[in-house]
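Just need the whole structure built from these sequences, with the hints factored in.
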Amino acid sequence: MKHRDITFAEAIREGLDQSMEKDPRVIVIGEGVPDPKAIFNTTAGLRDKYGNRRVFDMPLSENGMTGICIGAALSGLRPVMVHQRIDFALLAMDQLINNAAKWHYMFDGKASVPLVVRMIVGRGWGQGPQHSQSLQAMFAHAPGIKVIMPTTAYDAKGMLISAIEDNNPVLFIEHRLLHQIKDNVPEEYYRVPLGQAKVLHEGDAVTVAAFSYMAVEALVAAKALKSAMGIGIDVLDMRSVRPLDVASVLNSVRKTGQLIVADTASRTGSIAGELISQVSEQAFDALRTHPVRIACPDHPAPTSHFMTRHYYPGPQMIADEVLKMVGADKTSTNYRELCALMLHDGPHDAPNRGFTGPF
Amino acid sequence: MKHRDITFAEAIREGLDQSMEKDPRVIVIGEGVPDPKAIFNTTAGLRDKYGNRRVFDMPLSENGMTGICIGAALSGLRPVMVHQRIDFALLAMDQLINNAAKWHYMFDGKASVPLVVRMIVGRGWGQGPQHSQSLQAMFAHAPGIKVIMPTTAYDAKGMLISAIEDNNPVLFIEHRLLHQIKDNVPEEYYRVPLGQAKVLHEGDAVTVAAFSYMAVEALVAAKALKSAMGIGIDVLDMRSVRPLDVASVLNSVRKTGQLIVADTASRTGSIAGELISQVSEQAFDALRTHPVRIACPDHPAPTSHFMTRHYYPGPQMIADEVLKMVGADKTSTNYRELCALMLHDGPHDAPNRGFTGPF
Amino acid sequence: MSHSSQLALLRSMLRIRRIEEAIADRYAEQEMRCPMHLCIGQEAIAVGVCAALSKGDSVFSNHRAHGHYLAKGGSLNAMVAELYGRSTGCCGGRGGSMHLIDLDAGFSGSTPIVGGTVPLAVGAAWASSLKQSEQVTVVFFGDGCFEEGVVHESMNFAKLHKLPVVFVCENNNFSVYTRLNERQPERPLYRVAEAHGLAAYTGNGNDVEEVLAISRKAVGLARQGQGPQFIELHAYRWREHCGPNFDDELNYRTAQEIKAGIHDCPIASYTRKLEKENGNIHLEIERCEAEIQREIAAAFEFALSSKKPSIDDSQGKVYA
Amino acid sequence: MSHSSQLALLRSMLRIRRIEEAIADRYAEQEMRCPMHLCIGQEAIAVGVCAALSKGDSVFSNHRAHGHYLAKGGSLNAMVAELYGRSTGCCGGRGGSMHLIDLDAGFSGSTPIVGGTVPLAVGAAWASSLKQSEQVTVVFFGDGCFEEGVVHESMNFAKLHKLPVVFVCENNNFSVYTRLNERQPERPLYRVAEAHGLAAYTGNGNDVEEVLAISRKAVGLARQGQGPQFIELHAYRWREHCGPNFDDELNYRTAQEIKAGIHDCPIASYTRKLEKENGNIHLEIERCEAEIQREIAAAFEFALSSKKPSIDDSQGKVYA
Ligand SMILES: Cc1ncc(C[n+]2csc(CCOP(=O)(O)OP(=O)(O)O)c2C)c(N)n1
Ligand SMILES: Cc1ncc(C[n+]2csc(CCOP(=O)(O)OP(=O)(O)O)c2C)c(N)n1
Ligand SMILES: [Mg+2]
Ligand SMILES: [Mg+2]
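Residue numbers (our numbering), protein chains in the order written: chain E, 923 to 1281; chain R, 923 to 1281; chain W, 776 to 1095; chain D, 776 to 1095.
Think of the hints as simulated: they come from the structure by calculation, not from any bench. Be aware that one or more of the hints could be misleading.
[As the list claims (entries may be wrong)] In silico DSS-like pairs for lysine-lysine, Cα to Cα no more than 30 Å straight-line:
(1) K906(D) to K959(R)
(2) K971(R) to K1104(R)
(3) K959(R) to K937(D)
(4) K906(W) to K959(E)
(5) K1082(W) to K1032(E)
(6) K944(R) to K937(D)
(7) K971(E) to K1082(W)
(8) K1051(W) to K1032(E)
[Stated by the list, open to error] Chain R is nowhere near these chain E residues, computed Cβ spacing over 10 Å in every case:
(9) D945
(10) K959
(11) R975
(12) L1141
(13) D1167
(14) S1170
(15) R1176
(16) D1242
(17) S1254
(18) N1274
Computed from a predicted structure; not experimentally measured. In this text, a Cβ means the ideal position worked out from N, Cα and C, and glycines have one as well.
The structure is reproduced here in structure tokens:
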């Protein structure tokens, strides 16, 4: 198969495009979907191709529009709804949790809600307290809903296609810093199953289970640890929040005996805690030492870039926790090399050097 | 001090009454607050006493009314808002999480939101999928908010008073099955600090940390275990979900080495998982065996009483887990005695024998 | 209107009334163990609106759904079994009174989160519009529900896309025990819908023929692609908000008010009207009553002899 | 209106314009690292409304808040420092452009969740009504915001309790890059408010004296206890939705439309009007311009020389 690198954002666009092409029931709606910026270009060209009876902008009515999409899903359509920030979806909690999550169960399976809601987690360039929450744990507490967080462009496309084909409400959470990351993405229509973690890096020392953008950061740490210190770790890209692929983590932990979970959310009540709890409940004896959680601190995200620098955990924190677990020496020259390898290229609050804000 | 047993519901009423008496800034609002049923009698008489400028009914506008109460709180009032079911508060997630939780932080401490929101968790008599969720974990994921769940009438009054005096948004979650339980409640105005667990029963074998109504169930199990089998367990009534009093649990676990957490919510993503995770992270070496979570299953609550019978975990499940941990014999006559001691008096889906529904 | 059509309306109202009375009578037996909101007194709305619909049309409803479900042709057996929490119930016992569904009859679902089904109905209408089907969707809700923002969001979108949806607001002046004037300023509800751009009507919800006439017009316009319609109908709830009993002792409404409400009984007044127009219909009514009683007795028997769900039945079907 | 009052209005608009232009000019330096929604072109609304308020009155606002904040008397230094993320910013850097506050000036807060502050303003008005204070509360929001259900919930409650709140809807015909006609049916916004029972007005948001006149009336009535008021004002956003630049190249609006929008400049037209009425005001304007430029230069200097917050500053004050 031809190798082709495209961005996560392009992969989403392609996934939407091919889903709409394949299934006339698929419609796409969201604030800005057909506008010139096209949700960070993830919906570019769709209206031209599929017309204004399948590609919609929408009023600023998050709860109502979610209910409307649920109603449409109950009536045979397969809507894909988009929120430019996950923070706005808090307005739609009622429809998502009270209706979408429960409809199939409470009506004894007589109807189902094949709905996809894309939600973007903001980060960088002063997104601040109301535009950069990472709320997956709140949504994932509701039985009946699926919550997924693909990390790579390959998975973004394949999991989006699976989500659209799924007969359940699926929340598709995209981290803003992933949008411009490239990966090899096949041109054809393909599925990546929902609910399975993926091994991004292998090693025996420690298991790092990471969600979304933190999987990127974990991989940076893993590569640097390997090359600078010769320490091998398992990195699992969790990819799904509900269902949570605990089995894969247990597998790895049974090998390494040590667990770090890295999450994009704020610490307390995060899905990282849930995963640690399940591992502790189910494989206590496999753990050689206490599990560790890496997450954002327990306060809202500040806006000033002087403060966000310290807000987000990165590869350095992951590597340091690994070193603590394996009892490695942090005074060696190798350690300095490790740190150098993990340095972020460009300003910490922008996806890359070329970026001039805002987003 | 004179001993006086009153119900949890009466204790709330008294707490409201005394707070309103003491502080003219306190106002009470909610659907049904001044109606003849007075929110299960928790607001009875308040309008007669304080008039219709301090005691309000409200339109069915949960998000708007929450925002209005936040605005009032920012302007010097201390509103107490009531939802007859916590499920309705999902409509208000935006105002609670985006505004109330963050206002103090994001405006650098220049303003604060002294707001109390009472939310009632339904159970029994076919409350069903949309009227008996136990959503504390969702709310508790937001830094800036406090979430408390008093269990006893004594705490209900004292913690409500503390919540009203607190300068932060405090979600006061009441389990419906607690309303009619009596306890010794002082007549005077008193505070119970927020964020501290309380030891309800002492023993060396196992730590059971329980939330809200599950603390009642855990106490039943503890007493029965003691009297039938001579097994002593610590029962901690957690009382607060955020802040979560992990220190008290660690204390107990350092003694017992074994932990069971019992929650009213559905399993995955529950605050029980958070607590288990924190204990595993912080006191791994103190644990002798894997921690155990007791919670509702991962599906919505069914309505039929034939099905709710098996939906809610009770003392039997707690006791069985304790016995598993201590390796006790379940074939003995003592075990039969234990089970008999824990039998629920009356139908499983009603608070007591006299109850004839609906609520 | 033909005599037989008129009798059908009367019969349909009577049937709902008798079924709910039977439920109320048996509620004290404590075998229907779920919250229940009876529509006794408000039958003309359910019947008049649904008489304007065809089978392929869709209805969404709220907590007070028995009448809507039955008027739309929902299975009585499945409803009563659902109240009893049995496996043969329309939700297999998972839902109870506040969650009814009968897709064969075009009853798409009722739920008790106030306002929850309003956007769903708009979404269903959107789907039928995109599919260019003939279907009209109706959603029933109360005057209290009108206070939920989602209703306004729904009206906005429905009008924007000219969707074939009919909003039916049953104004019984109460939200639980709270009067309209403690929740909304004095202004007609339907005027707000009109300001959103909807064709709006108001009428006497105790007059089944008036309800039907307005509904025919509204449903017809919706079906012709004239966009969303809004109907506000005034009625009176006789019994307690939730539960089987009268609630005079609660004193949130005067005996006189209750008496006046009951005096406007849609069934009694329609019976009088038919008698005036057609002479004595005593025998016909008796025949209806007897049929209805037989049907009710059979439904309760069906429910009570149905399988009680087990723990297994409460699991599964969480995901489709 | 006196010449000096007129000049004050002009000056206030000019000041907002120049400040935002300075921000736009310096934005490319990449030191103001946060999303920013400029109100260039819409200054007359902020200025006209706030001129009708007294210092003790309260204002809430949204993402596009610079003008409202400055017109209400918010500290320029604290605002610019906030854009630079410095410790001396009005939120100590925690908020950025989308979170402004100046309690001394009666600017109660602005936040970027659309609709988020609308009920807060009603709550503030409720508090002042319960305290029987003289305060009036104003909330600024856009035509897009009008689609949020919470706005309707807020209007309902405000009218129910006759609260001293003025809803100011800035209708610039766009929500981000989406036109009103893709989001709302064709009907005047203010009519919906009227149907909710509010006193409602509409006017030309480019005419600062018209805005002031309507606002005086509305604020006066609100203060007298006549209940909530709703003002819809039409205006045009010149630059991109978010960010410092013009956005002609995005092609969601024609060059002609943009030209027409800019042609209706509230500052230019008011300058012409004043010149017509009072003769040449060139010198006065020049003096204003010079003062403003000095003020702006000082504000940027203040910001740039202010302390950069540390990790410690990002912690704490989570709970009061
Ligand atoms: C979102 C929400 N808020 C509150 C309730 C509690 N509740 C149930 S029915 C009801 C009254 C609704 O009044 P209305 O819409 O007029 O319908 P009616 O009961 O009069 O038929 C209320 C407040 C609820 N179920 N859902
Ligand atoms: C609840 C919510 N939904 C969506 C957004 C994204 N958003 C930010 S500003 C804006 C447009 C708002 O339009 P309008 O209210 O007319 O104000 P304008 O930008 O025109 O001044 C949108 C959609 C948001 N911030 N909050
Ligand atoms: Mg009503
Ligand atoms: Mg606008």
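Cross-check of the supplied hints:
Of the supplied pair hints, the one linking K906(D) and K959(R) holds, its CA atoms being roughly 29 Å apart against a limit of 30 Å. Among the hinted pairs, K971(R) with K1104(R) is consistent with the structure: their alpha-carbon atoms are about 25 Å apart, no more than 30 Å. Between the alpha carbons of K959(R) and K937(D) the distance comes to roughly 27 Å, so the proposed pair stays at or under 30 Å and holds. Annotation: proposed proximity of K906(W) to K959(E) holds, straight-line Cα distance about 29 Å (limit 30 Å).
A distance of roughly 19 Å separates the Cα atoms of K1082(W) and K1032(E); the hinted pair therefore holds under the 30 Å criterion. For the suggested pair K944(R) and K937(D), the alpha carbons sit about 28 Å apart, so the restraint of at most 30 Å is met. Restraint check for K971(E) and K1082(W): not satisfied, since their Cα atoms lie roughly 53 Å apart, outside the 30 Å limit. A distance of roughly 46 Å separates the Cα atoms of K1051(W) and K1032(E); the hinted pair therefore is violated under the 30 Å criterion.
Non-interface status of D945(E) relative to chain R is upheld: no Cβ of that chain comes within 10 Å, the nearest being about 29 Å off. Consistency note on K959(E): stated as away from chain R, and its beta-carbon is indeed over 10 Å from all of that chain's, at 23 Å minimum. Non-interface call for R975(E) relative to chain R: holds, since the shortest CB-CB distance, roughly 31 Å, exceeds 10 Å. With a least beta-carbon separation of about 23 Å from chain R, L1141(E) lies farther than 10 Å from that chain, consistent with its non-interface assignment.
Even its closest Cβ contact with chain R, about 13 Å, leaves D1167(E) beyond 10 Å, as expected for a residue assigned away from the interface. With 10 Å as the threshold on Cβ separation, the claim that S1170(E) sits away from chain R holds: the shortest Cβ distance comes to roughly 16 Å. Every beta carbon of chain R lies more than 10 Å from that of R1176(E), the smallest distance being close to 14 Å; the non-interface claim holds. At the 10 Å boundary, the C-beta of D1242(E) stays outside the reach of chain R, the nearest C-beta of that chain being 16 Å off.
Residue placement check: S1254(E) keeps its beta carbon more than 10 Å from all beta carbons of chain R (closest about 27 Å). In this structure N1274(E) is separated from chain R by more than 10 Å, as the shortest Cβ-Cβ distance comes to about 28 Å.
In this structure, the earlier hints numbered 7, 8 are contradicted, and the remaining ones agree with it.
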